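Since chain Y is already given, all that's left is putting chain W on it; use the hints.
Line order of the protein sequences matches chains Y and W. Take this note's numbering: the final residue in the first sequence is number 219, and no numbers are missing along the way. Take this note's numbering: the final residue in the second sequence is number 422, and no numbers are missing along the way.
Any given hint could be a false lead.
[Stated by the list, open to error] Listed next, the in silico SDA-like pairs over lysine to any residue satisfying Cα-Cα at most 20 Å (straight line):
#	chain 1	residue 1	chain 2	residue 2
1	Y	K108	W	P153
2	Y	K108	W	S331
3	Y	K108	W	L37
4	Y	K115	W	P34
5	Y	K115	W	K286
6	W	K88	W	V207
7	W	K47	Y	K108
8	Y	K115	W	K47
9	W	K88	W	P381
10	W	K88	W	P153
11	Y	K108	W	P34
12	W	K286	W	V393
13	Y	K108	W	K286
14	Y	K108	W	E366
15	W	K47	Y	G91
16	Y	K108	W	P381
Since the hints were derived computationally from the structure, they do not count as laboratory data. Every value quoted in this text rests on a predicted model; they were computed, and no experiment measured them.
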Amino acid sequence: MSVSIRARGVRKAYQDGERLVQVLDGVDLEVQAGELVAIVGPSGCGKSTLLHLLGALDIPDAGTVEIGGQSLAELGPRRLAAFRNRTIGFVFQFQELLGDFSALENVMLPGRIAGKRSAWVEKRARALLEEVGLQDRLGHFPNQLSGGERQRVALCRALFMEPPLLLADEPTGNLDPESGAQVFDLMLDLQARHGTTALVVTHNPELAKRCGRLLALEGGRLHAERR
Amino acid sequence: MTSTGVGRVQRAPLPLPLWVAIRYLKSSRRDAFITFLSMTAAGGIALGVAALILALAALSGFQSALKEEVLSRTPQIEVELPAGTDPEVAREAVQAVGGVQSAQVAVRGRGWLLARGRSRAVEIVGYGSDLPDLFPEATSRTPGLYLGDGLVGVWGLETGDVVEVVSPIPTLTPLGPQPRVRRLAVEGTFASGRAEQEERLALPLSEASLLFGRSAVHRLLIGCEDLDSALEVAGNLPAVLPTGSTVRTWRDLNRVLFFALRLEKSLMFVAVFLIVVVAGMSLVSDLTLILASKRPEVGMLGAMGAPPSSLRNIFLWLGGLVVGLGALSGLILGVGGSWLLDRHELLSLPSQVYFLDHVPFLVRARDVLAIVGTTVILTFTCSFYAAHRAASLWPVEALRR
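For reference, chain Y alone in the conformation it holds in the complex (with noise of 0.2 Å):
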């Protein structure tokens, strides 16, 4: 399941002591159904702020973003939390795991909000992790994981309510080399198994290469790169 992302025109400025510092300045983006899109740029260029505003944890100063036809801006935070749960799943840089849960438990953790039956949510994070190579490491701690395993642990927990959205901000920029391809191919694998849209904001050239489309953010707008 997939879904097309739809933004025009969106706009934001952040505030620095006097200075306003223009990030977004009328990002135009369409991404189909089923799209793996990757977005390069230098850092500050306000990759991470675009993907925030896609992903409905900002709002933009202008401009509108469309998820699956749905207007991000028609809804208020309550109804905005359930369209988060049910339709995107994130990946982060710094993973984001919650140091007091198991990695078992992180990865339940969209179900329990879901308020989905718990035995369910139990066997479907279990047989997510054990897809990821993780079978053996159910019980352990964030802090007890590598960061291989940390970032596997939190492709789960984005997958797990089959999101037709893919969102990640630098899923390899904290790993190494090896660990960080990894992690990549699984991430693409996942994608292309689920069939789900993907974008991700990435540092590393090689990687963005292997994405279906790329898109550079330069000056506050998106532009078509070459390959």
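For chain W alone, kept in the frame of chain Y given last:
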């Protein structure tokens, strides 16, 4: 390890906010500082609750003993009859009222006791047929003069010794006003109240009438089944008494004392409750610190779709758990401590100075409910600040590093 961790999965799941709150509270292995802060806040609440229970139990113990002491020497109902009334007629009328167990004519006035070259101002109570219950532990029941055992001991008097009782109302003689003096043998003693401000003596009504003459105000001392029924019976008396009679219950006779006791308890509650207020402030800073350290996790929960109400409830549950833990520990500490101190009389007092030889502790359910209720309401309210901040966090703000 694996089995332990997997075993932590909730089979019958708790609500998500409670699940997260419990994990944050138990996060000693991974974040000892947070657990330390939570335990400090809970400890403050426990200390406040325990201190309040102990302080009020000690006060209740003292007040109860004092009340018992004072009430044992106060008539349950006292009726002051208007001048010219036949006290016997009034007594018979009162005796017929439902709930009245005993009614006795008495007079009351002030005077002096002289013996062995010493004198002492006393309250003189003239009694009818029997020595009233206001004079407990009497050594004899024969009508006669009864003195407090404290005074008898200090003055070295014995039963049969003759003393003089002097009235302040003089008798007019051709030689001018002469004091009215009765020379009487000591018939027995009664237990002096150590809480009493004034020495008392009891003598037969006939002797009292000679001392106070026509100016004597007759009273009826009325006994009922218990203190509560006395209050009820008092309301029925005016109907059978002559106009101008004044009915006073044990409560009216000790109104000032009871007011002072209530005031003392209220002030003590307010003063000691300040500990709980400080603990509440500590809880606010504790939850704010937890929110600051768990900010990215709270943001991630929001990103995963936890609604603002769930994020708020995590911190309300966390506050509730700390408050519950603190209040329960304080309750056990306070009630247990009071019981131990009272049972084994661990805090002793010089019995020559006080009317008790140890500090009594009396835990009243009403006090405990008020303490725990007020504490829980106040400290739980303190959780709302952190809970509100968590609920109003946009996920992106929380996730930003």
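Here is how each hint holds up against the structure:
1. Distance restraint check for Y:K108 and W:P153: the Cα-Cα separation of roughly 78 Å exceeds the 20 Å cut-off, and the hinted pair is therefore not satisfied.
2. This hinted pair checks out: Y:K108 and W:S331 have alpha carbons roughly 15 Å apart, not beyond 20 Å.
3. Proposed proximity of Y:K108 and W:L37 is supported: the alpha carbons are some 11 Å apart, at most 20 Å.
4. The straight-line distance between the Cα atoms of Y:K115 and W:P34 is roughly 14 Å, inside the 20 Å bound, and the hint therefore holds.
5. Only pairs whose Cα atoms come within 20 Å are accepted, and Y:K115 paired with W:K286 is rejected, the gap being roughly 59 Å.
6. Of the pairs offered as hints, the one joining W:K88 and W:V207 is violated, with about 29 Å between alpha carbons and a cut-off of 20 Å exceeded.
7. For the hint linking W:K47 to Y:K108, the alpha-carbon distance of about 25 Å lies beyond 20 Å, and the restraint is violated.
8. For a cut-off of 20 Å, the pair hint linking Y:K115 to W:K47 is broken: about 26 Å separates their Cα positions.
9. About 13 Å separates the Cα atoms of W:K88 and W:P381, which keeps this hinted pair within 20 Å; it holds.
10. At most 20 Å may separate the alpha-carbon atoms for a hinted pair to count; W:K88 and W:P153 meet this at roughly 19 Å.
11. With a C-alpha separation of about 11 Å, the suggested pair Y:K108 and W:P34 falls inside the 20 Å cut-off, and the hint holds.
12. In summary, the hint linking W:K286 to W:V393 is supported, as the alpha carbons are separated by about 16 Å, within the 20 Å threshold.
13. About 53 Å separates the Cα atoms of Y:K108 and W:K286, which puts this hinted pair outside 20 Å; it is violated.
14. Note on Y:K108 and W:E366: the hinted pairing is violated, with a Cα-Cα distance of about 58 Å set against a maximum of 20 Å.
15. With a C-alpha separation of about 12 Å, the suggested pairing of W:K47 with Y:G91 holds against the 20 Å cut-off.
16. Pair hint Y:K108 plus W:P381 does not hold up; C-alpha atoms about 57 Å apart against a cutoff of 20 Å.
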